[in-house]
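Residue strings, one per chain:
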Amino acid sequence: MDGIFHLSHFAGMVTFALLVSVALGCLSQQTARARMIYATWSFVLFIGTALAIAWLMYPFSR
Amino acid sequence: MNETEIHDDHPDQQVAAAEAGGSVAAAGARQFLTPFICVAAWLVPGLGHLLLRRWGRGLLIFCAVAGLALIGFYARGQVFPPTSDDPFGTLGFLADVCTGVFFAIAHLIEKTGPDVSRAAGDYGTRFVAAAGLLNLLAVLDACGIALGRRS
Numbered sequence: 024m025d026g027i028f029h030l031s032h033f034a035g036m037v038t039f040a041l042l043v044s045v046a047l048g049c050l051s052q053q054t055a056r057a058r059m060i061y062a063t064w065s066f067v068l069f070i071g072t073a074l075a076i077a078w079l080m081y082p083f084s085r
Numbered sequence: 104m105n106e107t108e109i110h111d112d113h114p115d116q117q118v119a120a121a122e123a124g125g126s127v128a129a130a131g132a133r134q135f136l137t138p139f140i141c142v143a144a145w146l147v148p149g150l151g152h153l154l155l156r157r158w159g160r161g162l163l164i165f166c167a168v169a170g171l172a173l174i175g176f177y178a179r180g181q182v183f184p185p186t187s188d189d190p191f192g193t194l195g196f197l198a199d200v201c202t203g204v205f206f207a208i209a210h211l212i213e214k215t216g217p218d219v220s221r222a223a224g225d226y227g228t229r230f231v232a233a234a235g236l237l238n239l240l241a242v243l244d245a246c247g248i249a250l251g252r253r254s
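If you read the protein sequences in the order shown, they are chains Z and U.
If you want the numbering used here, it's the position in the first sequence, counting the first as 1, plus 23.
If you want the numbering used here, it's the position in the second sequence, counting the first as 1, plus 103.
Here chain Z stands alone, though its shape is the one from the complex (with noise of 0.2 Å):
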């Protein structure tokens, strides 16, 4: 992402997804093991999700 600071796209989807998992897994979740489990889940389905999107959109690219 460029701007004042350079960040790349996947960096900038990592770092969403990371501070979003984590703040929706103290928001919703009542222990702190739980909290991480949460955290962890969400973090992987986001990147999951956003790396499936992408192979599936791969054939259309070109």
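Quick caveat, the hints were computed from the structure, so don't treat them as lab data.
Every value quoted in this text rests on a predicted model; they were computed, and no experiment measured them.
Take the hints with a grain of salt, since some may be wrong.
What the hints assert, rightly or not - Here are the in silico distance ranges between beta carbons for each label pair:
| id | chain 1 | residue 1 | chain 2 | residue 2 | range |
| --- | --- | --- | --- | --- | --- |
| 1 | U | Gln134 | Z | Ala77 | 48 to 54 Å |
| 2 | U | Pro184 | Z | Met59 | 37 to 43 Å |
| 3 | Z | Ser84 | U | Pro138 | 35 to 41 Å |
| 4 | U | Gln134 | Z | Ser84 | 55 to 61 Å |
| 5 | Z | Ala75 | U | Leu136 | 19 to 25 Å |
What the hints assert, rightly or not - Partner residues aside, some chain Z positions facing chain U, computed with beta carbon under 7 Å:
| id | residue |
| --- | --- |
| 6 | Val37 |
| 7 | Leu42 |
| 8 | Val45 |
| 9 | Cys49 |
| 10 | Gln53 |
| 11 | Pro82 |
The beta carbon of each residue, even a glycine, is placed where N, CA and C say it ideally should be.
Mind docking chain U on chain Z? Use the hints.
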């Protein structure tokens, strides 16, 4: 002396009455403080949880919301004006306002203004909106904790 007075003299009854009175007072104090906690949670993300002694949650919420908002501003994401002909612009403004203090300092970071002609600025707009919505959830969570509906 009636039956009630006899029961009130019993030590267990006195303790129960004191606890009941204490819980009523605590509930009253909670209801009085809830609006202030909600405003604090909105102005500074995570502050509501810190005031309610949820230290870890408050710090994590602050880091998450601050990270999203600052990255969004540094990527030159759009900060929506209060008045807009587009309903999505109004929703964007509401999401931006929900970032609290970060909305106030947006113009200090984005000195050259937003740039959504490139993908980076567009992503930045989403980062800021996500930060606002997460802070809104945090405000609602802090409000629920203050009212005793959540732990």
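*With chain U as the partner, please determine if Z:Leu42 meets the hint condition of a C-beta pair closer than 7 Å.*
4 Å, holds
_Take the shortest C-beta to C-beta distance between Z:Val45 and chain U; is it under 7 Å?_
5 Å, holds
*asked:* Quick check: does the Cβ-Cβ distance between Z:Ser84 and U:Pro138 fall within 35 to 41 Å?
replied: Given about 52 Å between the Cβ atoms, the range is violated.
*Would the hint on Z:Cys49 stand, with a C-beta cut-off of 7 Å toward chain U?*
5 Å, holds
*Can the suggested window of 37 to 43 Å be confirmed for the beta-carbon pair U:Pro184 and Z:Met59?*
40 Å, holds
*Consistency of beta-carbon spacing, Z:Ala77 to U:Gln134, with hint 48 to 54 Å*: The hint (48 to 54 Å, Cβ to Cβ) holds, given that U:Gln134 and Z:Ala77 are roughly 50 Å apart.
*Do the numbers back the hint for Z:Gln53, that is, is its least Cβ distance to chain U under 7 Å?*
6 Å, holds
*Does Z:Val37 pass the interface hint, meaning its C-beta sits closer than 7 Å to a C-beta of chain U?*
12 Å, violated
*Interface restraint verdict for Z:Pro82 against chain U (beta-carbon cut-off 7 Å)*: Hint violated; Z:Pro82 Cβ to chain U Cβ min 22 Å, cut 7 Å.
*Honestly, do Z:Ala75 and U:Leu136 meet the 19 to 25 Å range at C-beta?*
46 Å, violated
*Is 55 to 61 Å right for how far apart the beta carbons of U:Gln134 and Z:Ser84 are?*
Given range 55 to 61 Å: holds, Cβ gap about 57 Å.
In this structure, the hints that do not hold are numbers 3, 5, 6 and 11, in rising order.
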